[in-house]
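Novice: Residue numbers (the numbering used here): 4 to 741.
Bear in mind the hints are in silico, worked out from the structure with no lab data behind them.
C-beta: ideal position from N, C-alpha, C; glycine also.
Honestly, I wouldn't trust all of these hints.
[Stated by the list, open to error] Under the rule of at most 20 angstroms between Cα atoms (straight-line distance), these lysine to any residue pairs were calculated in the SDA-like manner:
1) K130 - N23
2) K460 - A653
3) K505 - L515
4) K378 - S356
5) K383 - A404
6) K378 - L502
7) K378 - K505
8) K378 - D428
[Claimed, not checked] Quick list of the computed label-pair ranges, beta carbon to beta carbon:
9) V510 - V489: 20 to 28 angstroms
10) Q326 - P446: 22 to 30 angstroms
11) Q326 - E205: 42 to 50 angstroms
12) R560 - E419: 45 to 53 angstroms
13) W238 - S90: 28 to 36 angstroms
14) D441 - K378: 54 to 62 angstroms
15) T527 - L660: 32 to 40 angstroms
16) D635 - E419: 56 to 64 angstroms
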Amino acid sequence: MPDSKIRMMIVSSDLTVTRNLQAWLSSHPLEAARYEIDPVANPQANVQISSQTSSQTSSQTSLQKATSTQYDLIVIEFSAADSDSMSLCRQLRAQNCHTPILLLLEPENRHPGIVALDAGAHDYVVKPFDAETLMMRVEFLLHRVSPAVMPVTPNVTPNVTSEVTPEAKLQRQLALAQLTTQILDAIRQTLDLDQILQTAVEQVRHFLQTDRVIVFRFEPNWQGIVDAESVAPGWIQTLGMHIRDSCFGELYETSYRQGRVSTIPDVETATVDPCYIELLNTFQVQANLVVPILQGEKLWGLLIAHHCCAPRQWKPESTQLLQQVATQMGIALRQAEMYQQIRQQAALINIASDAIFVRNLSDSRIVFWSKGAEKLYGWKADEAIGETASQLFQQDFAEIADPLEITLKQGVWQGELKQTTKAGDQILVSSRWTLITDDLGGPQSLLTVNTDITDKKQLEAQFYQAQRLESLGQLAGGIAHDLGNVLTPILGIAQLLKLTHKNADSVTQEQLEILEKSAKRGATMVKQILTFAQGSEENKTAVDVSDLLQEVVDIVRQGFPSSIEIRQTSSAANSVTSSAASSATSSAASSAAGGAQKRASNPPPKLVNVDSTHLHQMFMNLCINARDAMPDGGVLTLSIETCFIDERLASKHLGALVGDYVVVTVADTGIGIPPEIRDRIFDPFFTTKAPDKGTGLGLATVSGIVKKIGGFVTVDSEVGRGTQIKVYLPALASRRHP
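With the hints as extra help, turn the sequences into a complete structure.
Specialist: Written as structure tokens, this is what we have:
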């Protein structure tokens, strides 16, 4: 082993893992000879262990330490309650940290392998475990993955005659494993077959210290072409050459398809067909090594090493390397073929409005991203490909663990998922997952088809609310009739008693006054209920909403407390743009204004065909609600503008039509509406006020009036910041479209 120190970083919630590892090493003399655990007390130690506890350092500190220090292995203790460890693991992968990562997982993790894969770790150990088990995994990662432990030594000509020391042999074996891992990583990171082949031949030639390595692809009649080449200076370049070996098909095709490996240490003394020797001499070859590249059971091509400067005895490790690389090339070919079929169908896929993408199961990275996905999520294909779906959509692994498990078991899954777009908007999608398998039937990737159902769900909610309001209205109307019959004689008798008992004492007079007021208030409530349930006789005329709103502003300025500032604004061009109409933060308000198109000249008139009394009542109800939401004072803003509602936006609101609308906004800086009750504020009799402060019919009446004239209402509210209600009224001069 070399004298350089092997360094491990351990990130855990306590020092138990570090202490156990130290104790185990101390009790194993053979291992202790290789692993010194206290670099401060023993500067000649072969291992330094740096432990970062969660209580002492943040994930960011650990990340900085891990990326600024050359570690050979990082051990991270992960638990469901500790999100920092998972975040650290993912950030290391995002910063292209090549240091191997070992996860220590809690036993309650139902899918430890999937958790480790999702985090980007190389391996994992599930608790409880002993130090010996941990060290076995550490040894595996240090010797099989870490590029820092045994680097390939460049520009060293192999000595084929001298005795190889055990240390040198081990170094070559580790370098072989490292090279195989690097090529495997390259295959996972790209579907560009040319790039994969070129990287492979360059790294193989570097490792073998030979003169030429090529990838030879067969064509019909056993002709072929050199698809990739790495060649030392001074030797013939063969890249792109078409080569025909007249004796190959008859003599070698079957044996190579069955896995034949050909080693020729010296062309001059080899007992092979003369036509083959002639071909090798053409390319200055004195020794060669050939292994087949199989695509399933099909012989796709050959991976060939040429030694041109002298004969060479090929060592078993050289043959092993070429066989492993050829196997990985076969995997890459199958992947490329599969995704090529997907790309050939991309034109048809991109016509679909659904978001379609494919991700590898090995590392969860996206490898295909349709135009529909670009439109739905906002990321272009070059931005999404190579990223993991969980990072892109800001999803916790717990949200997709069950769908993934079902897909792996049953091959398909369908359900609804909440996701986040590039713009930060929350959307709801109907998601269908299909498992894609390899040639052997093993799980390879996931095909996902997502349909945006956010608007559909909102429209369904509006429909159900309309049905609920209609049912409540019918019930309330029936009850109101009976209440009216009960209250009429009560009110009449109360008024009669006041007239016939004018000389009664003050207590009696006060009681009669209370009786009359209560009966009148009940009668008023009954009238409101009947108006909500059945409507009242309307006197619809062309009403200038600007003038009527001004009357309301004058009233509230006089009647509201001085602690509430009244502001009145109006669009300078009597228009509203998409951004102005969607200044609210909620998705509903954003959607409501998203189809409003700017009209900078010739604005539509602010006339609405409506009963002015009803419109006045509606605006007053909204202002009173805003006032009550600001008990400690605040700002009440009323504004009016016009906009055009396009077909896309109209389809999102029940009963809305395409055309020009007058938009009245009533905004306050009050307490806001909690999300859990926001969908109920238009329900009749629903109120958060005290029983003697409100009937719960104010907003229900607003909704009923607006609905009758073909308009709609949007609400945007944030607790602690206020509420904004936009009322869209169809303009009288608008040309309406169904």
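Novice: Take the hints in turn and mark each one as holding or not.
Specialist: Hints versus structure:
{"no.": "1", "hint": "K130 - N23", "verdict": "holds, 13 angstroms"}
{"no.": "2", "hint": "K460 - A653", "verdict": "holds, 15 angstroms"}
{"no.": "3", "hint": "K505 - L515", "verdict": "holds, 10 angstroms"}
{"no.": "4", "hint": "K378 - S356", "verdict": "holds, 8 angstroms"}
{"no.": "5", "hint": "K383 - A404", "verdict": "violated, 26 angstroms"}
{"no.": "6", "hint": "K378 - L502", "verdict": "violated, 75 angstroms"}
{"no.": "7", "hint": "K378 - K505", "verdict": "violated, 77 angstroms"}
{"no.": "8", "hint": "K378 - D428", "verdict": "holds, 13 angstroms"}
{"no.": "9", "hint": "V510 - V489: 20 to 28 angstroms", "verdict": "holds, 26 angstroms"}
{"no.": "10", "hint": "Q326 - P446: 22 to 30 angstroms", "verdict": "holds, 25 angstroms"}
{"no.": "11", "hint": "Q326 - E205: 42 to 50 angstroms", "verdict": "violated, 18 angstroms"}
{"no.": "12", "hint": "R560 - E419: 45 to 53 angstroms", "verdict": "holds, 48 angstroms"}
{"no.": "13", "hint": "W238 - S90: 28 to 36 angstroms", "verdict": "violated, 50 angstroms"}
{"no.": "14", "hint": "D441 - K378: 54 to 62 angstroms", "verdict": "violated, 31 angstroms"}
{"no.": "15", "hint": "T527 - L660: 32 to 40 angstroms", "verdict": "holds, 34 angstroms"}
{"no.": "16", "hint": "D635 - E419: 56 to 64 angstroms", "verdict": "violated, 41 angstroms"}
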